[in-house]
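K.L.:
Input sequences plus hints: build the corresponding full structure.
Here's the letter readout for the chains.
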Amino acid sequence: MDLTLLVQLGVIGLTFFMLINASAILVLAERKIMGFMQQRYGPYLVGPHGMLQPFADIIKLLMKEELRPKGADKWLFTLAPVLSITAAFAAFAAVPWGAQTTLFGLLEEPVTLGVADINVGILVIFAITSMGVYGIVLAGWSSNSKYSLFGGLRASAQMISYELSYATALAAVILLAGSLSLREVVDGQSGAWLGFIPSWYVFLQPVGFVIYMIAGVAETNRAPFDFPEAEQELVAGYNTEYSSVRFALFPQAEYINMTTMAAVATDLYLGGWHGPFLPPEYGWIWFLLKVGAILFAYIWVRWTVPRYRYDQLMHFGWKWLFPAAVINLILTAALVLYFDA
Amino acid sequence: MIPLSHYLIVSAVLFTIGTAGVFLRRNFITILLSIEIMLNAVNLTFVAFGRQQGGVDGQIIVFFVMAVAAAEAAVGLAIVIGLYRHRESLNPDAFASLKW
Amino acid sequence: MPETLVFYLLSGLAIGASAIVIGQRNPMYSVMMLIASFGALAGLYVQLDAPFVAVAQIIIYAGAIMVLFLFVVMLLNASRENAAEWDRSHPLRQPAVVRFGGLLALLLVVQLAWALLSARGLAGPVGARGGAETVSSVRVLGRVLFTDYVFAFEATSILILVAMVGAVVLARREGEGS
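Chains as they are written, first to last, in this note's numbering: chain A, 136 to 476; chain B, 492 to 591; chain C, 21 to 198.
Since the hints were derived computationally from the structure, they do not count as laboratory data.
For clarity, every value in this text was computed on a predicted model and none was experimentally measured.
The beta-carbon is built from N, C-alpha and C at its ideal position, and this holds for glycine as well.
Take the hints with a grain of salt, since some may be wrong.
To give an idea of the interface, some chain A residues facing chain C are shown, with a C-beta separation under 8 Å as derived from the structure [unchecked claim]:
| # | residue |
| --- | --- |
| 1 | L211 |
| 2 | F212 |
| 3 | N254 |
| 4 | L258 |
| 5 | V259 |
| 6 | F261 |
| 7 | A262 |
| 8 | S265 |
| 9 | V272 |
| 10 | N279 |
| 11 | I295 |
| 12 | L299 |
| 13 | L310 |
| 14 | L311 |
| 15 | L315 |
Which chain C residues stay away from chain A? Per the calculated CB distances, all over 10 Å, these [claimed, not checked]:
| # | residue |
| --- | --- |
| 16 | P22 |
| 17 | I40 |
| 18 | M48 |
| 19 | A82 |
| 20 | R163 |
| 21 | A172 |
If the Cβ cut is set under 7 Å, some of the chain C residues that face chain A in the computed set are [what the hints assert, rightly or not]:
| # | residue |
| --- | --- |
| 22 | P71 |
| 23 | G83 |
| 24 | V87 |
| 25 | L96 |
| 26 | L136 |
| 27 | L137 |
| 28 | V158 |
| 29 | V160 |
| 30 | L161 |
| 31 | F171 |
P.N.:
Okay, structure coming up:
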């Protein structure tokens with residue numbers, strides 16, 4: 136069999152495996168970081184420093200009884216978490232996480248580290264994350280319970296509102312890079328100004344980066360925008376009636392969405408796999424470090440900031456964030472025209 | 492390579508299905524969904540012919556058709572909501588008389 | 021050969037899903053089947069070297085318009101029990117009308133088939149003239165959109181504004197304030 140094909144299949148399998156690991160690690164990281172921020176230890180009994188806690192969680196969840204409320208729609212009740220998790224995994228398929236490598240000369244032609252290199256990559260990620268709304272809205276509706284319905288409706292309204300600001304912030308970066316392909320956006324950020332400031336787009340687009348991060352937090356239903364799962368108010372929102380495996384898929388989908396948002400933010404704004412001191416073949420180490428930093432910021436924000444009220448959330452999304460994103464886009468377009476003309 | 496006529500046949504069948512849905516179903520939501528099927532069939536025809544001609548004009552027209560379809564779906568659904576509030580029914584036959 | 025197989029799979033999915041859309045009693049299932057049909061059509065657009073249109077199809081149709089339909093179905097709690105009874109009490113269901121309509125439908129299908137099979141220039145494969153690079157380039161698409169079709173582009177933006185205002189006004193309850 137062709138060695139290049141084997142290597143590509145290996146890269147795909149590795150990406151899938153690492154995504155599953157990412158959600159497991161995030162379960163532990165969230166609880167440990169939350170614990171340390173609240174001046175207590177997080178989980179520490181299972182394994183050294185609680186490192187085997189995700190396994191305990193997963194085994195417990197798998198052992199629970201699979202419930203389905205009597206009035207719940209038979210097909211859609213099971214389809215909803217499947218849609219969520221499929222959209223979450225599929226979105227990461229268009230994200231490159233390493234430079235093109237020939238495995239130290241083993242292969243004739245270089246292979247991109249990433250599942251697929253699509254020439255409209257950014258739009259594909261956006262399209263698949265907008266399909267993730269269906270998992271939540273169907274979960275809310277098909278559970279035949281008022282807490283779930285409200286949670287589902289609020290979540291989907293929030294997600295589609297913040298998709299606008301998300302896409303407009305993306306459009307500004309695409310203007311700077313001149314291409315829709317994520318690999319070319321990252322390649323446009325190689326090098327440095329003045330010898331030591333890396334030429335990342337976050338320095339050219341600080342407002343855009345902030346808008347993207349806020350919209351990303353709102354898209355993945357994380358605090359301070361996690362109204363759909365507001366534990367204090369809606370029982371558990373759209374996943375109230377779910378148990379065992381179907382339930383486990385929802386937080387896993389949420390963590391993988393977080394990872395995808397962090398990875399796309401790294402590729403678009405933080406220079407992807409470019410970094411000092413390491414040769415380009417090991418760029419994925421820098422990628423992991425940057426994604427880890429953004430995920431830490433996600434968890435940090437969750438346990439520091441109080442939750443928004445729902446109407447404040449929608450006001451902020453439509454009246455402040457979207458106009459800011461549009462003004463950012465117009466300014467970027469004007470400056471690109473001025474400096475390139 | 493796939494002949495152009497194959498794409499056109501798929502588009503024709505989709506358009507027929509959409510038309511049948513508009514005529515045969517007595518539920519506002521299903522009628523609007525059938526209209527969307529018809530618009531998509533037309534989009535497929537445009538893209539196929541555009542590819543045959545070798546320019547991007549087909550795709551640009553599809554772009555506009557999608558925008559118009561979105562606007563029409565939004566207004567159509569708003570009308571359906573307004574109608575439902577009056578008669579509590581999604582059956583077009585319930586709105587057959589002019590008097591309330 | 022795999023290209024033809026993919027084409028048959030995708031078009032079969034699109035046609036099958038659309039048939040279920042018009043035949044299904046439950047509007048929720050109709051909406052989900054239509055989303056599947058849109059996904060299949062996006063695949064067909066990718067085969068026609070139009071990746072931007074394919075992604076736009078997913079973003080606009082499957083990601084936004086269908087969410088709107090889903091909201092309305094949930095809001096109105098479109099019941100599934102009445103659907104069968106409504107279709108049976110269709111005013112046009114008398115036997116004479118059905119026969120005449122069936123004849124017309126058959127005539128339509130025969131005309132379409134004759135037109136498609138006897139037209140010249142349709143037998144060649146799509147893309148025989150080449151040019152896959154230009155057609156699938158987003159840069160070229162953007163350039164043509166903003167130069168040759170700029171008037172339609174601006175008119176469409178006004179149309180969307182009008183539709184937005186119209187939808188908000190039409191769906192308001194009577195007697196609400198400003």
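K.L.:
For every hint, state whether the structure bears it out.
P.N.:
Comparing the hints with the structure gives:
Checking L211/A against chain C by beta carbon gives a least distance of about 7 Å; that is within 8 Å, so the hint holds. With its C-beta approaching chain C no nearer than about 12 Å, F212/A sits outside the 8 Å limit, and its interface hint is violated. With a cut of 8 Å, the hint placing N254/A at the interface with chain C holds, because the nearest CB-to-CB distance is about 7 Å. The closest approach between the C-beta of L258/A and any C-beta of chain C is roughly 4 Å, which is under the 8 Å cut-off, so the hint is satisfied.
A hinted interface residue such as V259/A counts as satisfied when its beta carbon comes closer than 8 Å to some beta carbon of chain C; here the least separation is about 6 Å, so the hint holds. About 6 Å separates the beta-carbon of F261/A from the nearest beta-carbon of chain C, less than 8 Å, and the hint is met. Nearest Cβ of chain C to the Cβ of A262/A: about 4 Å, under the 8 Å cut. The hint holds. Contact between S265/A and chain C, as hinted, is supported at the beta carbon level, the nearest pair being about 4 Å apart and thus within 8 Å.
For V272/A, the interface hint holds, the least distance from its beta-carbon to any beta-carbon of chain C being 6 Å, beneath 8 Å. Contact between N279/A and chain C, as hinted, is not supported at the beta carbon level, the nearest pair being about 11 Å apart and thus beyond 8 Å. For I295/A, the suggested interface contact is upheld, since its CB lies about 6 Å from the closest CB of chain C, less than 8 Å. Interface hint status for L299/A: violated, as the beta-carbon distance to the closest one in chain C is roughly 10 Å, over 8 Å.
With its C-beta approaching chain C no nearer than about 11 Å, L310/A sits outside the 8 Å limit, and its interface hint is violated. Contact between L311/A and chain C, as hinted, is not supported at the beta carbon level, the nearest pair being about 15 Å apart and thus beyond 8 Å. Because the closest C-beta pair between L315/A and chain C is about 6 Å apart, less than 8 Å, the hint holds. P22/C, annotated as away from the interface, keeps every beta carbon of chain A farther than 10 Å; the closest lies near 15 Å.
Interface exclusion of I40/C from chain A stands, the closest Cβ pair being 13 Å apart, more than 10 Å. Here M48/C does not stay apart from chain A, with its beta-carbon only about 7 Å from theirs, under the 10 Å limit. Listed as outside the interface, A82/C is inconsistent with that label: its C-beta sits roughly 7 Å from the nearest C-beta of chain A, within the 10 Å cut-off. At the 10 Å boundary, the C-beta of R163/C stays outside the reach of chain A, the nearest C-beta of that chain being 13 Å off.
The beta carbon of A172/C sits about 20 Å from the closest Cβ of chain A, which is more than 10 Å, so the claim that it is off the interface holds. At about 5 Å, the closest approach between the beta carbon of P71/C and any beta carbon in chain A falls short of 7 Å, and the interface hint on this residue holds. This hint holds: G83/C has a C-beta 4 Å from the nearest C-beta of chain A, less than the 7 Å allowed. Hint status for V87/C: holds, given a least beta-carbon distance of 6 Å to chain A, under 7 Å.
The beta carbon of L96/C comes no nearer than 12 Å to any beta carbon in chain A, farther than 7 Å, and the hint placing it at the interface is violated. Taken as an interface hint, L136/C does not check out: its beta carbon lies about 31 Å from the nearest beta carbon of chain A, beyond 7 Å. Interface hint status for L137/C: violated, as the beta-carbon distance to the closest one in chain A is roughly 35 Å, over 7 Å. Of the supplied interface hints, the one on V158/C holds, with its beta-carbon coming within about 6 Å of a beta-carbon of chain A, less than 7 Å.
Interface hint status for V160/C: violated, as the beta-carbon distance to the closest one in chain A is roughly 12 Å, over 7 Å. Given the 7 Å rule on beta carbons, the hint for L161/C is violated: about 11 Å separates it from the nearest Cβ of chain A. For F171/C, the interface hint is violated, the least distance from its beta-carbon to any beta-carbon of chain A being 20 Å, above 7 Å.
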